[in-house]
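Just so we're aligned, residue 1 is where the sequence shown starts under the numbering used here, counting upward by one.
Treat the hints as calculated values from the structure; they're not laboratory data. One should not assume that every hint holds.
Said to hold, decoys possible - Pairwise CB distance ranges (calculated):
(1) GLN411 <-> ALA128: 29 to 39 Å
(2) TYR317 <-> ARG202: 53 to 63 Å
(3) ASP502 <-> ALA127: 23 to 33 Å
(4) SER147 <-> GLU472: 49 to 59 Å
(5) ALA103 <-> ARG202: 49 to 59 Å
(6) PRO417 <-> GLY232: 26 to 36 Å
(7) GLU120 <-> ALA52: 15 to 25 Å
(8) ALA128 <-> PRO469: 40 to 50 Å
(9) ARG104 <-> ALA452: 47 to 57 Å
(10) ARG323 <-> VAL474: 26 to 36 Å
Stated by the list, open to error - Below, simulated EDC-like cross-link-like pairs (lysine to aspartate or glutamate); rule was C-alpha separation at most 20 Å, straight line:
(11) LYS499 <-> ASP213
(12) LYS350 <-> ASP318
(13) LYS480 <-> GLU71
(14) LYS55 <-> GLU100
(15) LYS499 <-> GLU216
(16) LYS465 <-> ASP436
(17) LYS200 <-> ASP489
(18) LYS200 <-> ASP485
(19) LYS350 <-> GLU327
(20) LYS200 <-> ASP213
Just so it is clear, the structure is predicted and the values come from calculations on it, not from any experiment. In this text, a Cβ means the ideal position worked out from N, Cα and C, and glycines have one as well.
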Amino acid sequence: MLRAKTIMVQGTASDVGKSVLTAALCRIFYQDGWRVAPYKSQNMALNSYVTACGKEIGRAQGMQAEACGIEATTDMNPILLKPTRDMTAQIVVHGVPHEEMSARRYREDYLPLAAGIVREALDRLGAAYDLVVIEGAGSPAEINLKSRDIVNMRVAEWADAPVLLAADIDRGGVFAAIVGTLELLEPHERRRIKGFLINKFRGDLSLLQPGLDWLEQRTGIPVLGVIPHLAGLDIEAEDSVVLDKRSRGHNARSAGKELDVAVIRLPRISNFTDFDPLESEPDVGVRFVQEASDLGEPDIVVLPGSKNTLEDLAHLYDSGLARAITEAVAGGSRLVGICGGYQMLGVRLKDPEQVESLLEEVDGLGLLPLETTFYRHKKTVRAAGTSVSRHRRWQEWQGAPIEGYEIHMGQTTWLTPQAAPLFELNGGTDGAISEDGLVWGTYLHGVFHNDAFRRSWLNEVRSAKGLPPVTEVVSFHSRKTAAFDRLADHVRAHVDMAKLYDIIGMGAVKTSL
Numbered sequence: 001m002l003r004a005k006t007i008m009v010q011g012t013a014s015d016v017g018k019s020v021l022t023a024a025l026c027r028i029f030y031q032d033g034w035r036v037a038p039y040k041s042q043n044m045a046l047n048s049y050v051t052a053c054g055k056e057i058g059r060a061q062g063m064q065a066e067a068c069g070i071e072a073t074t075d076m077n078p079i080l081l082k083p084t085r086d087m088t089a090q091i092v093v094h095g096v097p098h099e100e101m102s103a104r105r106y107r108e109d110y111l112p113l114a115a116g117i118v119r120e121a122l123d124r125l126g127a128a129y130d131l132v133v134i135e136g137a138g139s140p141a142e143i144n145l146k147s148r149d150i151v152n153m154r155v156a157e158w159a160d161a162p163v164l165l166a167a168d169i170d171r172g173g174v175f176a177a178i179v180g181t182l183e184l185l186e187p188h189e190r191r192r193i194k195g196f197l198i199n200k201f202r203g204d205l206s207l208l209q210p211g212l213d214w215l216e217q218r219t220g221i222p223v224l225g226v227i228p229h230l231a232g233l234d235i236e237a238e239d240s241v242v243l244d245k246r247s248r249g250h251n252a253r254s255a256g257k258e259l260d261v262a263v264i265r266l267p268r269i270s271n272f273t274d275f276d277p278l279e280s281e282p283d284v285g286v287r288f289v290q291e292a293s294d295l296g297e298p299d300i301v302v303l304p305g306s307k308n309t310l311e312d313l314a315h316l317y318d319s320g321l322a323r324a325i326t327e328a329v330a331g332g333s334r335l336v337g338i339c340g341g342y343q344m345l346g347v348r349l350k351d352p353e354q355v356e357s358l359l360e361e362v363d364g365l366g367l368l369p370l371e372t373t374f375y376r377h378k379k380t381v382r383a384a385g386t387s388v389s390r391h392r393r394w395q396e397w398q399g400a401p402i403e404g405y406e407i408h409m410g411q412t413t414w415l416t417p418q419a420a421p422l423f424e425l426n427g428g429t430d431g432a433i434s435e436d437g438l439v440w441g442t443y444l445h446g447v448f449h450n451d452a453f454r455r456s457w458l459n460e461v462r463s464a465k466g467l468p469p470v471t472e473v474v475s476f477h478s479r480k481t482a483a484f485d486r487l488a489d490h491v492r493a494h495v496d497m498a499k500l501y502d503i504i505g506m507g508a509v510k511t512s513l
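Could you build the full structure based on these sequences and the hints that come with them?
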């Protein structure tokens, strides 16, 4: 039934850059005038995205849809796996939580049903677009997983898609990774691979050329491109593995930044891209902190979202981070909680039905007079409204527009007579702030994507430190759009696009959008 042309990006391993390469190709084809959509049949990620109709998909497919200039739908990622604890994940089907399953039960009981779900979604995209750019998962050579594959070569067969095999040269062993992957494929699978992309290259291409010549002679498959590492790319990451590469030290100001923001790296951190806009600010240094000894005395501490809020809160106590955070606040640091982090700021968290955790109740940090109880209903919605807090620290931006999205299973109630909330959203209220204004929290993911609010709040923090305000308001949306175009230009310059179009069978490039 699929009518669109297709191309699939698979990788020799996880984290070789498949998501970013897929986004780059999506943007190139969009620039060339094609109606193009991304697709990933099954995604495992805690960094999620809410569609316009309030459904949850992987963040990468939401980002790729933006690169295509279209609204994301659940057909672009029909199955999302959100790990809750070891060997267990919440199964999200077309944006709605289906059930929590162990890895074994999912593989044995659900995968046979999942195949039909992902094929139907792929067919709908094929009927609506000129081209579908498909992203694989992990490696197609995972021998133990191939019999029930719904993410790599079987998807390529369903879509009749030529495959580009991407490898990360930065991790070393790139030729072994490519040839080894081919050796583990069945002959009919190997025939689907039409080109190689060598990603994250640093160095002199002339020194690599003998290896490229050998690879093409050895396999009979062309190297379509060697793509140099691209630094400072403002595109949202899918996997929290990227956080392992960021500094955990005390000295954000050593890079010349006046405001030091410490984001707590929870074991099950989710939606960490909430803080990308802070990193875009010229005066802000953002670091992710895992150890109490690394916290120091930041200007701002952020508790992010979590897929298992109670167990991550218990981790804060066990690791000493809870004490370090409260001591930082006592010393004058600001503390912000987003979603699960907001829940942690309250007096207690209860999970009587063990929706998220095997723990039934955990004491919160006790910094806001709130209590959260977890129920099986999950709220996923885009939200818009205004800032309504009358707190003296927030009066400057009262009435300012605000928007974002909510993804959570807990319901939070006040334990004292309710003070003014932070926001009015979709006809309701959200958020809370401490009497001294140093601690506040919200369910609103993307709160820092609101440019005017972000800059005004940061300037209030600057004022309390005796620093002058920063007058320039950074447009994060404009930065993202420019980043898509920069990425596309970079990949286009280093990939043989004429040969790629020939592989896809699309022929001429469209000339108008």
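What hint numbers does the structure not satisfy?
Going through the list in order, the structure violates hints 2, 5, 6, 19 and respects the others.
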